[in-house]
Amino acid sequence: MLDDSSIFRRSRVARALTAAGAAAVLVAAQLAAPTPAGAAVSRADLALRWAPIHYQDVDATGSHALGGQSDYITRVDFDGDLAGRNNWDRAGQSGTSLAAHAYYSVVETSSHWYITYLFFHPRDWTDHPLFETEHENDGEGVLFTIERDGSAYGVLRAAVTVAHSDFFSYTPAGSTWTSGRESVDGTLQLQASPHDTFQHPVTAQEAQGHGLKAYPQFAINGDGVVYYPSTVAETPSDGNDRDVRYQLIDIFAAGGLWAQRANASLFAGLGTFAGDTSGDCGVGTWSCSTNSANAPWGWDDGNDVPARGELASDPAKLSAEYFTIPAGLARTYSHNPYAGAAAALAEASRTAPPIVD
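Position one of the sequence shown corresponds to residue 0 (numbering that gives the first Met the number 0), numbered consecutively onward.
In case anyone wonders, no lab produced these hints; they're calculated from the structure. Treat each hint with caution, since some may be false.
[What the hints assert, rightly or not] Cut-off 25 Å, straight-line C-alpha distance, at most; resulting in silico cross-link-like pairs (SDA-like, lysine to any residue):
| id | residue 1 | residue 2 |
| --- | --- | --- |
| 1 | 316 | 162 |
| 2 | 316 | 220 |
| 3 | 316 | 42 |
| 4 | 316 | 347 |
| 5 | 316 | 186 |
| 6 | 316 | 329 |
| 7 | 316 | 328 |
| 8 | 316 | 257 |
| 9 | 316 | 353 |
| 10 | 316 | 184 |
| 11 | 316 | 172 |
| 12 | 316 | 163 |
| 13 | 316 | 249 |
| 14 | 316 | 330 |
| 15 | 316 | 345 |
| 16 | 316 | 285 |
| 17 | 316 | 108 |
| 18 | 316 | 268 |
| 19 | 316 | 174 |
| 20 | 316 | 182 |
| 21 | 316 | 152 |
| 22 | 316 | 107 |
| 23 | 316 | 340 |
Turn these sequences into a full structure, and let the hints guide you.
Take a look at the structure:
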């Protein structure tokens with residue numbers, strides 16, 4: 000739970016914002032404006048409403064930990080460029096920003112909203128000397144399925160999380176959804192945020208490899224950061240900061256992550272981040288693998304029916320496979336920007352190397 004001494008030990012006024020950051024806050028603040036009665040909420044509003052309270056375990060041991068900073072969530076371009084092959088090295092350099100961000104995409108049918116969240120780390124690392132690998136870049140996350148019940152934000156029915164090359168499914172208490180082809184792995188907890196009036200789902204990532212599950216299947220073990228969804232991006236004061244706000248970035252924004260999917264400096268293939276063995280990646284452990292992290296349209300559980308990337312690009316199909324849904328669900332999308340690349344995604348699913356992340 001929250002560490003009060005950590006929450007109050009610093010003044011938020013003392014957190015200096017750059018001019019660019021301040022401008023971003025002013026724009027983002029529009030997302031938090033009250034929605035008029037009867038008005039449809041925006042996709043950004045939906046993403047902010049259902050974004051998880053996120054527990055990040057932190058390990059400060061070993062040189063690759065960067066004193067715990069290797070476990071902070073941040074932007075793909077935290078170092079000021081859209082090049083994936085320098086992120087390992089620049090994670091430890093001065094002048095880069097580890098302010099907290101997460102990416103989201105919203106896909107819609109007439110019956111449900113599907114919101115995918117990506118948490119990015121510049122390093123997937125280890126301090127073990129034998130039989131473990133590490134790699135540049137790390138992208139893991141979660142899909143939330145929201146039933147459109149006529150209320151402004153709908154009702155949360157289920158979650159599927161990404162932990163390396165495996166998916167795990169969860170339902171909140173009271174959900175009408177039950178196990179389908181895959182067994183439900185646990186209960187998705189909800190928790191109040193001190194920064195808004197909502198109960199948010201709660202997720203957690205392990206240190207080093209950053210697999211993601213519903214809290215408390217993963218939890219903070221000793222040091223850790225608790226991230227809260229917000230319209231501003233804060234940087235943890237240290238590796239044991241229990242109140243850090245993170246800002247959301249739309250995957251489909253103009254010039255955003257989806258628009259960069261063919262950028263060979265950032266992606267080695269469709270849905271696979273570009274990463275190499277430069278710097279000390281792999282030094283002191285088994286090896287450093289290349290091109291091993293994935294964006295949501297590259298996520299895959301190879302043992303399951305949904306194809307590579309379909310957690311994000313065809314979430315209705317994945318939900319129908321993973322869960323038994325008494326009321327059924329629509330399969331035709333009214334909003335799905337991934338659909339325009341369906342043929343390319345299918346080809347990548349057929350030809351891409353196995354998921355390593």
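Exercise for the section: Could you tell me which of the hints above the structure violates, numbers in ascending order? Expected result: Structure breaks hints 2, 16.
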